[in-house]
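Here the protein sequences come in this chain order: A and B. Quick note: the first sequence uses the UniProt record's numbering, first residue 1, plus one each step. Quick note: the second sequence uses the UniProt record's numbering, first residue 1, plus one each step.
Keep in mind that the hints were calculated from the coordinates and are not lab data. Incorrect hints may appear among the rest.
Chain copies aren't distinguished; within one or between two, either way the pair holds.
Unchecked claim - For lysine to aspartate or glutamate, the following EDC-like pairs were computed, each having C-alpha atoms within a straight-line distance of at most 16 Å:
hint	residue 1	residue 2
1	LYS111	ASP85
2	LYS156	ASP192
3	LYS37	GLU102
4	LYS17	GLU67
5	LYS198	GLU154
6	LYS110	ASP142
7	LYS152	GLU127
8	LYS32	GLU89
9	LYS104	GLU127
10	LYS152	ASP192
11	LYS185	ASP172
12	LYS187	GLU160
13	LYS17	GLU128
14	LYS84	GLU61
15	LYS41	GLU74
16	LYS185	ASP162
17	LYS17	GLU102
18	LYS198	GLU149
19	LYS187	ASP162
20	LYS32	ASP162
21	LYS198	GLU128
22	LYS65	GLU92
23	LYS198	GLU127
24	LYS104	GLU182
25	LYS84	ASP171
This one's a predicted model, so the numbers in the text were calculated from it and none came from an experiment.
So the chains spell out like this:
There are 2 protein chains.
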Amino acid sequence: MREGLLIVISGPAGTGKGTVVGRLLEKNTNIKLSISKTTRKPRPGEKEGVNYFFVSREQFEEEIKNERFLEYAEYNNNYYGTPKDFVFEALEKGYDVILEIETKGALQIKKVFSDAVLIFLLPPSIEELYKRLVKRGTESEDEIRARLEIAKNEIKLVPEYDYCVINDNVDDAAEKIQKIIEVEKLKSRRFDIQSFLKE
Amino acid sequence: MREGLLIVISGPAGTGKGTVVGRLLEKNTNIKLSISKTTRKPRPGEKEGVNYFFVSREQFEEEIKNERFLEYAEYNNNYYGTPKDFVFEALEKGYDVILEIETKGALQIKKVFSDAVLIFLLPPSIEELYKRLVKRGTESEDEIRARLEIAKNEIKLVPEYDYCVINDNVDDAAEKIQKIIEVEKLKSRRFDIQSFLKE
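All chains should be built: construct the whole structure from the sequences, respecting the hints.
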């Protein structure tokens, strides 16, 4: 078991997953981020192969048929999925791989990949999440209220995750995730007793 | 679940458990070391209440009867046990408590205290353990050979432990254990969802 670790990070919109994961990648060259495929149209500023791989509905469904996804789900009539090849190749080469995905996809991963480490990133509080969404200014008050309700429902899934990290500070949150990765590698099931005793 | 963590550290004689735990205690005032009780006679330099609490066989058996031990075992006709009161009081006050005990006792703890974190401390290799035991100079060659056999059998119990830390450097090993403690506190089952959502 010398291969890399599969790390799944979820968390309500506005929690700062992207920023925390970005900080983690800056500091750890051994971590690779998996880029999801989607049938959603790119938003202004989003780049192919950076934010997502943007594909047609036909192509996505073809890839579902050919079992090219580790997990996929549909939200608002758009597919989102994690390409299998990239993840497996990177893990085999010894890289740790991060998936930044929604709760549905995360729980699918845990089922097929019991060794995956699921981390839930939380805002410091619901009130703080509200403030962050207002500050972001991309949604109306009604949309923000709806997002808060979704967030609360997502947070109820925390017990399905292995760890829970509060993002009150980007550096601290990234450091905590880094420590989780280090410590997961000390799990005794990853230790090769036979070769240790043979030496 | 705001109370402290119960950490059990085992490892073959000569691995350096005492030194690593000492380093850990120097750097973490939130960690308390549980002192075992024993019916064995003090060795030169050993101090009452520092290395062990030394008691008579009668007293020890009386305390077994009164269920004063979290775990106990007999080795070479001597009892060794972990007093219950100290551990529970310290945990309730929010301290993390370390037990440095043998494998038998460790597995007893895991049964009655499923939340305990079991860490196995390993030497860098069996050969290195041999060298350390020779250097220590307290045992004959035959005794050292016997100790190595005991060590190998103990190491076979690594899968029963949660984590496995190699002591190739005291500071690194202590730091790894410190990280395990921090990361265990991020486990999602320790997170109070209800109060988070109520705020």
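Do the hints match the structure? See the list:
1. LYS111 to ASP85: neither (18 Å within a copy, 41 Å between copies)
2. LYS156 to ASP192: Between copies, since 10 Å is at most 16 Å while 37 Å is not.
3. LYS37 to GLU102: Result: close within a single copy only, 13 Å intra versus 51 Å inter.
4. LYS17 to GLU67: Intra 28 Å, inter 49 Å, cutoff 16 Å: neither.
5. LYS198 to GLU154: between (48 Å within a copy, 15 Å between copies)
6. LYS110 to ASP142: neither (33 Å within a copy, 50 Å between copies)
7. LYS152 to GLU127: within (11 Å within a copy, 55 Å between copies)
8. LYS32 to GLU89: within (11 Å within a copy, 45 Å between copies)
9. LYS104 to GLU127: neither (24 Å within a copy, 49 Å between copies)
10. LYS152 to ASP192: between (41 Å within a copy, 13 Å between copies)
11. LYS185 to ASP172: Answer is between: at 15 Å across copies they meet the 16 Å cutoff, but 20 Å inside does not.
12. LYS187 to GLU160: So LYS187 and GLU160 pass the 16 Å test across copies only (11 Å; inside, 19 Å).
13. LYS17 to GLU128: Close inside one copy (15 Å), not across copies (44 Å); limit 16 Å.
14. LYS84 to GLU61: within (15 Å within a copy, 60 Å between copies)
15. LYS41 to GLU74: Result: close within a single copy only, 14 Å intra versus 69 Å inter.
16. LYS185 to ASP162: both (14 Å within a copy, 11 Å between copies)
17. LYS17 to GLU102: within (11 Å within a copy, 43 Å between copies)
18. LYS198 to GLU149: between (56 Å within a copy, 13 Å between copies)
19. LYS187 to ASP162: both (14 Å within a copy, 6 Å between copies)
20. LYS32 to ASP162: Intra 20 Å, inter 27 Å, cutoff 16 Å: neither.
21. LYS198 to GLU128: between (55 Å within a copy, 13 Å between copies)
22. LYS65 to GLU92: neither (25 Å within a copy, 55 Å between copies)
23. LYS198 to GLU127: The answer is between: 10 Å across copies meets 16 Å, while 57 Å in one copy does not.
24. LYS104 to GLU182: neither (26 Å within a copy, 28 Å between copies)
25. LYS84 to ASP171: Close neither inside one copy (30 Å) nor across copies (40 Å); limit 16 Å.
Checked against the numbered hints given earlier, this structure breaks hints 1, 4, 6, 9, 20, 22, 24, 25; the rest are met.
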